[in-house]
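*Asks:* Residue strings, one per chain:
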Amino acid sequence: MSKSKPPLFDFFIFMEEEAGLSLTIDQYHMLLQALQGGFGISSRSDLKQVCRLLWIKSSSSPQVERFEQCFEQYFEQYFQENSQNLAQNLAQNLEPQFQKKNSKGSKKATSTDKTPITSPPSSSTTPVAPTTTPDSKSVNYPQIPTAMRGELLPEQPFREGRYQLTPRDFPITQRQIQQNWRYLRRPIREGGLTEIDIEATVEQIIQEGVFLQPVLIPSHVNRVEMLLLIDDSNSMIPFRLLSQKIVATLQASRLGKADTYYFRNFPRDYLYLHPRHPDATKINELLPKLHCNRTVILIISDAGAARGGINRDRIKLTEEFVEQSTPYVRHFAWLNPIPSQRWQYTSAEAISQLVPMFELNHQGFKAAMRSLKL
Amino acid sequence: MSNTKPLEYTGEQKYQPKPGSQNTEFIKRGLYPYLPSEELVKAVNLAIYLQRPLLLQGEPGCGKTLLARAIAYEFSKRLRVKNYPYFPWNIKSTTRAKEGLYTYDAVGRLRDAQLVGTNYYKDYLKEEEIKKLFERLQNPDSYIKWGALGNAFREEKRRPILLIDEIDKADIDFPNDLLLELEEQCFQVTETGETIEAKQPPIVIITSNNEKELPDAFLRRCIFYYIEFPKNDDLIKIVNAHFPSSLEMDLVEAAVERFVDLREKGTSRKDSKKASTSELLDWIRWLNRYPTEEAMDIINNLAENQSLLGALLKTKEDQERYQDNLKG
Chain S
0 MSKSKPPLFD FFIFMEEEAG LSLTIDQYHM LLQALQGGFG ISSRSDLKQV CRLLWIKSSS
60 SPQVERFEQC FEQYFEQYFQ ENSQNLAQNL AQNLEPQFQK KNSKGSKKAT STDKTPITSP
120 PSSSTTPVAP TTTPDSKSVN YPQIPTAMRG ELLPEQPFRE GRYQLTPRDF PITQRQIQQN
180 WRYLRRPIRE GGLTEIDIEA TVEQIIQEGV FLQPVLIPSH VNRVEMLLLI DDSNSMIPFR
240 LLSQKIVATL QASRLGKADT YYFRNFPRDY LYLHPRHPDA TKINELLPKL HCNRTVILII
300 SDAGAARGGI NRDRIKLTEE FVEQSTPYVR HFAWLNPIPS QRWQYTSAEA ISQLVPMFEL
360 NHQGFKAAMR SLKL
Chain U
0 MSNTKPLEYT GEQKYQPKPG SQNTEFIKRG LYPYLPSEEL VKAVNLAIYL QRPLLLQGEP
60 GCGKTLLARA IAYEFSKRLR VKNYPYFPWN IKSTTRAKEG LYTYDAVGRL RDAQLVGTNY
120 YKDYLKEEEI KKLFERLQNP DSYIKWGALG NAFREEKRRP ILLIDEIDKA DIDFPNDLLL
180 ELEEQCFQVT ETGETIEAKQ PPIVIITSNN EKELPDAFLR RCIFYYIEFP KNDDLIKIVN
240 AHFPSSLEMD LVEAAVERFV DLREKGTSRK DSKKASTSEL LDWIRWLNRY PTEEAMDIIN
300 NLAENQSLLG ALLKTKEDQE RYQDNLKG
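These protein sequence lines are chains S and U, in that order.
The first sequence begins at 0 in numbering that gives the first Met the number 0 and counts up one residue at a time.
The second sequence begins at 0 in numbering that gives the first Met the number 0 and counts up one residue at a time.
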């Protein structure tokens, strides 16, 4: 750590990059402020707790575990490198910070800031360094024999070795999905008289010279009806969590009607009500019940792009379904979870000629909603 | 800031309300003893010091909402003031951010203006009401009704405690709409052009059941704390704090043990609702009516007691599963 760097800045950068936390400079300032206020300086676990409060924003365990691990890793490394220098560094680094603040602040500020000036360096010199150095040693010694035993295996840090699929790895977040459902609006005034038409009311007052009663109009109701068709074939297994999220947010969105059906590879004859149950509805019974001006169909499927290759039957049957349902619906859109570069030379490329197909990421989802809205 | 010492929350026993079954005043005001964990106390103090909102999450019934009131109660005891400024704001699905600041009674103003314009008011209104009517019309502020945030900003003497309860109930853009007001600690009343600036930075406590994901921009500014379900020993302490000296120690221990067992076994699905601290306290309140021996019997035969089981397990599947579990 060079002396010109602000305190714990290396640590902040390390946590930002290694622990995968999306931190901003504002959050670094929050930590500095907290340290100046006497928080997180009594021990390493104290500091960890403060960092956790300030930087971790969910209770999901993978993120917390990763944070804990990186935190320990950083300080273990750090103390091995320069265990003695830490105290001096901290003291030197913290001091200009306080001086700057003091010169800026009024008399009141100096009096309140005086306590941290004396306390943090002294208290951080004593507890942090000694308590943690023996700690790191005691942790390191038992690690050596295990490393010896596994000599044949290449040494690999834990976080690279194991990949965990957590919801934040999806190309689109739940919030983004929620927001995008809102683009899908076909508002119609309908139902009871619940809203005041201000303009008409003012107009009426002008005409009659006195305010008798407000002019009421029915409120807006969203009339879009969505038919969500989800492919539940084996190639779609990795995306099941994502499609579950889409279904869940769709139910909470305020569309006029939202129905979800499942199919395998391509919709043919029947659509299933649950991914793993045989309850089904006949397609030719379902379609005539749709409201042709309001209904939009959204299909989520890899369209054969996951496996690759061209499957003529798949293309033909998909085309048949599209032709069959076109008269009953307003628009079609297709969301493909496979990146669009990989559609080339597969059935997906052919199917994307039939139905507007979008990649299932934020941009694609947005574009799909826009195309359905037209 | 004022010349008083910086505020600090301790959660210590001596500042807690003393509950007694007779004291209906406490129950009415929702005042109960509150036993925060050490980490939670630290999180509160960090939020007070950094002047950032404290975002609380946790299982329903674990005491998220009660914390704010407990802090207010402790401060009022310690600073020896009668009512420490505390402003709860309960969010509903239709709540808009502006309602927390103020609402302007435009219709009321229009009505008053119309009344004066027609001269009929002399026939209908009494002398006093006419006086009030003109006072209202002359003072532009009189049609403003302040919301919780508006009231907190207008508090002059002490740092007010503002509770924004169940923020996730509102629309997904609601938290973002509040960002500016919370950050700048000021807002403008568009109808009068007046700018309201916070005189004392409010202590903001926000609770969420995580029904909707909160926006990143909002999360970034908060201090996040997840309230864990208390351990056995802490549960016993909590029960004892709520029912001091009226229950036998053995009984409390047996009840808590049975409760924890039920919490573990009585959930048929992984994500179904688990019995929480508040339900434990309800249950003990019921047990409290019986003499110790009878209460012990009730604890031991909980599975057969359908009506009482319903106080702890809230679906039929969970109840059946628990009963089967005990038999098997």
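The hints are simulated quantities; they were obtained by calculation from the structure and are not laboratory data.
Honestly, I wouldn't trust all of these hints.
What the hints assert, rightly or not - Only pairs whose alpha carbons sit at most 25 Å apart, straight line, appear in this in silico DSS-like list of lysine-lysine:
id, chain 1, residue 1, chain 2, residue 2
1, S, K244, U, K198
2, U, K91, U, K41
3, U, K211, S, K56
4, U, K211, U, K313
5, S, K56, U, K272
6, U, K236, U, K198
7, U, K236, U, K211
8, S, K56, U, K236
9, U, K91, U, K272
10, U, K131, S, K244
11, U, K273, U, K313
12, U, K13, U, K97
13, U, K198, U, K144
14, U, K272, U, K315
15, S, K256, U, K211
16, S, K244, U, K81
17, S, K244, S, K56
18, U, K198, S, K56
19, U, K144, U, K131
20, S, K47, U, K230
21, U, K76, U, K41
22, U, K211, S, K365
23, S, K256, U, K168
24, U, K97, U, K130
25, U, K326, S, K244
26, U, K130, S, K47
27, U, K130, U, K144
28, U, K273, U, K198
29, U, K81, U, K13
30, U, K168, U, K273
31, S, K256, U, K91
32, U, K198, U, K230
33, S, K56, U, K315
34, S, K244, U, K273
35, S, K56, U, K144
36, S, K256, S, K372
37, U, K97, U, K198
38, U, K81, S, K56
*Asks:* None of the hints should be skipped; say for each whether it holds.
*Replies:* Hints and how they fare:
1. S:K244 x U:K198: Roughly 44 Å separates the two Cα atoms, so the pair is violated.
2. U:K91 x U:K41: Violated, at roughly 30 Å.
3. U:K211 x S:K56: holds (14 Å)
4. U:K211 x U:K313: Holds. K211 (chain U) to K313 (chain U) sits at ~23 Å (cutoff 25 Å).
5. S:K56 x U:K272: Roughly 23 Å separates the two Cα atoms, so the pair holds.
6. U:K236 x U:K198: violated (39 Å)
7. U:K236 x U:K211: violated (33 Å)
8. S:K56 x U:K236: The given pair, whose Cα atoms are some 29 Å apart, is violated under the 25 Å limit.
9. U:K91 x U:K272: holds (21 Å)
10. U:K131 x S:K244: Violated - the C-alpha atoms of K244 (chain S) and K131 (chain U) are around 56 Å apart, more than 25 Å.
11. U:K273 x U:K313: Measuring from Cα to Cα gives roughly 9 Å; hence the hint holds.
12. U:K13 x U:K97: violated (39 Å)
13. U:K198 x U:K144: Roughly 19 Å separates the two Cα atoms, so the pair holds.
14. U:K272 x U:K315: Cα-Cα ~12 Å, so holds.
15. S:K256 x U:K211: At roughly 21 Å apart (the allowed maximum being 25 Å), K211 (chain U) and K256 (chain S) satisfy the hint.
16. S:K244 x U:K81: Distance ~49 Å between K244 (chain S) and K81 (chain U) Cα, so the pair is violated.
17. S:K244 x S:K56: holds (20 Å)
18. U:K198 x S:K56: violated (29 Å)
19. U:K144 x U:K131: Measuring from Cα to Cα gives roughly 17 Å; hence the hint holds.
20. S:K47 x U:K230: Roughly 22 Å between the alpha carbons, so the hint for K47 (chain S) and K230 (chain U) holds.
21. U:K76 x U:K41: Distance of about 20 Å is within 25 Å: holds.
22. U:K211 x S:K365: Answer holds: K211 (chain U) to K365 (chain S) is near 20 Å, not above 25 Å.
23. S:K256 x U:K168: holds (22 Å)
24. U:K97 x U:K130: violated (31 Å)
25. U:K326 x S:K244: violated (38 Å)
26. U:K130 x S:K47: violated (63 Å)
27. U:K130 x U:K144: holds (21 Å)
28. U:K273 x U:K198: Roughly 42 Å between the alpha carbons, so the hint for K273 (chain U) and K198 (chain U) is violated.
29. U:K81 x U:K13: Status holds; Cα separation ~17 Å.
30. U:K168 x U:K273: At roughly 20 Å apart (the allowed maximum being 25 Å), K273 (chain U) and K168 (chain U) satisfy the hint.
31. S:K256 x U:K91: holds (23 Å)
32. U:K198 x U:K230: violated (41 Å)
33. S:K56 x U:K315: This hinted pair is violated, its Cα atoms lying about 35 Å apart.
34. S:K244 x U:K273: With a Cα-Cα distance of about 23 Å, the restraint between K244 (chain S) and K273 (chain U) holds, given a limit of 25 Å.
35. S:K56 x U:K144: violated (34 Å)
36. S:K256 x S:K372: The given pair, whose Cα atoms are some 15 Å apart, holds under the 25 Å limit.
37. U:K97 x U:K198: holds (19 Å)
38. U:K81 x S:K56: At roughly 36 Å apart (the allowed maximum being 25 Å), K56 (chain S) and K81 (chain U) break the hint.
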